[in-house]
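Here the protein sequences line up with chains P and W, keeping their order.
Using the numbering used here, read the first sequence as starting at 672 and increasing by one per residue.
Using the numbering used here, read the second sequence as starting at 672 and increasing by one per residue.
FYI, nobody ran anything at the bench for these hints, they're computed from the structure.
Only a predicted model underlies this, so the values are computations on that prediction, with no experimental measurement involved.
Glycine included, C-beta positions come from ideal geometry on N, C-alpha and C.
Incorrect hints may appear among the rest.
No farther apart than 25 Å at their CA atoms in a straight line, the calculated lysine to aspartate or glutamate pairs in the DMTMM-like style are these [stated by the list, open to error]: (1) P:K859 x W:E942; (2) W:K859 x P:E942; (3) W:K927 x P:D958; (4) W:K859 x P:E896; (5) P:K859 x W:E896; (6) P:K859 x W:D895; (7) P:K859 x W:D956; (8) P:K927 x W:D958.
Listed next, the stretches of chain W that the computed footprint assigns to chain P, with coverage defined by at least 3 CB atoms under 8 Å from CB atoms of chain P [unchecked claim]: (9) 855-867; (10) 870-877; (11) 886-898.
Some but not every residue of chain P turned toward chain W, in silico, with C-beta under 8 Å [said to hold, decoys possible]: (12) G757; (13) N853; (14) V855; (15) L879; (16) L889; (17) P890; (18) K927; (19) V931; (20) F970.
Here is what each chain is made of, one letter per residue.
There are 2 protein chains.
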Amino acid sequence: MSLLVVGSVAFDSVETPFGMASDVLGGSAVYFSYAASFFAPVRLVGVVGQDFPAQHIEQLQAHGIDTSGLVTRPGATFRWKGRYQGAMDSAETLAVELNVFGEFEPDIPERFRATPYVFLANGSPRLQRHVLGQMHQPKVSFCDTMNLWIATERDELVRLLSEVDGLVINEGEAVQLTGCTNLVAAGKQIARLGPSIVVVKKGSHGALLFADGTCCPLPAFPTDEVTDPTGAGDSFAGGMMGYLAEVDDVSLASIKRALVYGTVMASFNIEDFSLRRFERLERADIDHRAQQLLELTRF
Amino acid sequence: MSLLVVGSVAFDSVETPFGMASDVLGGSAVYFSYAASFFAPVRLVGVVGQDFPAQHIEQLQAHGIDTSGLVTRPGATFRWKGRYQGAMDSAETLAVELNVFGEFEPDIPERFRATPYVFLANGSPRLQRHVLGQMHQPKVSFCDTMNLWIATERDELVRLLSEVDGLVINEGEAVQLTGCTNLVAAGKQIARLGPSIVVVKKGSHGALLFADGTCCPLPAFPTDEVTDPTGAGDSFAGGMMGYLAEVDDVSLASIKRALVYGTVMASFNIEDFSLRRFERLERADIDHRAQQLLELTRF
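Chain P extracted, bound-state conformation (with noise of 0.2 Å):
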């Protein structure tokens, strides 16, 4: 089945202990739909500005991605400036332009309306809410969110909780939403909130999936090969939806499974800056890489 996924399209400049990258591709839709199109085809729906080389978009295409979705407006694309130090566990933002980022009304195309599984990547959930009130009732719908919103625009967030099947969210984010220090606590809260599928992103300590009225904890892949953790996190989705989306099934064998391609996917995305690992990747890698977690987390 396809999956849309509706973000932002950067240019991410990041720099880690082990290097340094600039003006690259990044943005959450570009490492979702990447991800997600090792396994399901993916329509992209995004904006850029005039600056955004024709190549990035053909590389998305030559990834069985439609970027039919993804608009040129007049001005600059969306850039992210940012640094890692230590154990990389949380990035510093150093320079943010929204540029036509910022007044992104995302229109989706009458065409791709009837998908049935959705991400609205990180965004204002008042956004978020406006795209998933264009679609025709979604198989599954799943959003991000972020630090921002939460402070900002938390009643929207709610209303947006109530109305999707899914949330991806970091630790950090599951405090401050719920304020539960204890993440088990936390991701039971925010299921009351509506969300049937809560997933709990903890980096490199792996993540917390509550589902079905359990909590099931998934490490993630154990390694000491990391370059750069942009776009982990999207990444992440975008292999758990993308499977989801191949399978077309959401029994909770499946989304288990899901969250395993996820974790892999992340494991990938961190081994290089922006999308380089992902472009020297073949499918069997990832299933080799999802066997061997299974592996090593069976005891």
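Put chain W on the given structure of chain P with help from the hints.
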């Protein structure tokens, strides 16, 4: 098989967001031996002062712990006072009175020296080596350590690590010992110092096992019932080594299963102060929760 532990026996005073307890039974050797005694006969070697009540000793004996190696010295028992806040991931030490524990030079009774399973609870590496030197080639020896010894007795600790079979260590200590902020890199580096089994404990995020050249991550048992984390690490080690002594096998499969039991014992311990949760625990509860953990983590 029987299991020997050398470590502290203490009176703890603890404050957490969920209550407080004053002068309750604690100490690394107490938590370890009580947890381990659900699985195998335990021999405890330690020291207490003249203020230590007979009923504490009787309680340990009633649970299958041989306390004939617990000596009483003139003076007061070791006392620790601490507080947990927020996510309760680490204790803030408010007061320490070493008392008789400060001059403890453990003398292992001759009848205990052939014990096949040995745990050197947190203590100075010099004393831990002094104990190990008295043992008659144990089948499996593990040690614990802490930030203080890494800072003050690093050389002696490195020597100890070349002599033991296993190490349990907190994530922060693993980073301190190796200088690696990536825990997978840290664990691999520690394994190169000697121990064929390294367990890096991550509190609510679970543990990483390094053995047989692989890194196997195990999540913690997901729970929002956390009253007091004091003794969780020693309960983990007790469950783990108790299980190994019970099955008397150190294949990778048994070590992995031992980590499940360690995780389960830690998860029970944190549900109440001191030994209170263990006091109302049956072996069947332990096996039931181990089964639950295996199911929740089966992805």
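Checked hints:
Restraint check: the Cα-Cα separation between P:K859 and W:E942 comes to about 18 Å, which is no more than 25 Å; the hinted pair holds. Between the alpha carbons of W:K859 and P:E942 the distance comes to roughly 18 Å, so the proposed pair stays at or under 25 Å and holds. The hinted pair formed by W:K927 and P:D958 meets the criterion: a straight-line CA distance of about 24 Å does not exceed 25 Å. Proximity of W:K859 to P:E896 is assessed by CA-CA distance (about 13 Å); at most 25 Å being required, the pair is judged to hold.
For the suggested pair P:K859 and W:E896, the alpha carbons sit about 13 Å apart, so the restraint of at most 25 Å is met. Under the criterion of a C-alpha separation no larger than 25 Å, the hint pairing P:K859 with W:D895 is consistent with the structure, at around 10 Å. For a cut-off of 25 Å, the pair hint linking P:K859 to W:D956 stands: about 24 Å separates their Cα positions. Restraint check for P:K927 and W:D958: satisfied, since their Cα atoms lie roughly 24 Å apart, inside the 25 Å limit.
With 3 residues carrying a beta carbon less than 8 Å from a beta carbon of chain P, the stretch 855-867 of chain W meets the three-residue requirement, and the given coverage holds. For the stretch 870-877 of chain W, the stated coverage by chain P holds: 4 residues have a C-beta nearer than 8 Å to a C-beta of that chain, and at least 3 were required. Only residues whose C-beta sits within less than 8 Å of a C-beta in chain P count toward coverage, and the stretch 886-898 of chain W has 10 of them, enough to reach three; the restraint holds. For P:G757, the shortest C-beta to C-beta distance to chain W is roughly 5 Å, which falls under 8 Å, so the interface hint holds.
Interface restraint check for P:N853: the shortest CB-CB distance to chain W comes to about 5 Å, inside 8 Å, so the restraint holds. The closest approach between the C-beta of P:V855 and any C-beta of chain W is roughly 4 Å, which is under the 8 Å cut-off, so the hint is satisfied. Proximity of P:L879 to chain W holds as hinted, the smallest CB-CB distance being about 7 Å (cut-off 8 Å). A least Cβ separation of about 6 Å between P:L889 and chain W falls short of the 8 Å threshold, and the interface hint therefore holds.
Proximity of P:P890 to chain W holds as hinted, the smallest CB-CB distance being about 3 Å (cut-off 8 Å). Using the Cβ-Cβ criterion of 8 Å, the hint placing P:K927 at the interface with chain W is satisfied: the shortest such distance is roughly 5 Å. The beta carbon of P:V931 comes within 5 Å of a beta carbon in chain W, closer than 8 Å, and the hint placing it at the interface holds. Because the beta carbon of P:F970 sits about 5 Å from the nearest beta carbon in chain W, less than 8 Å, this interface hint is met.
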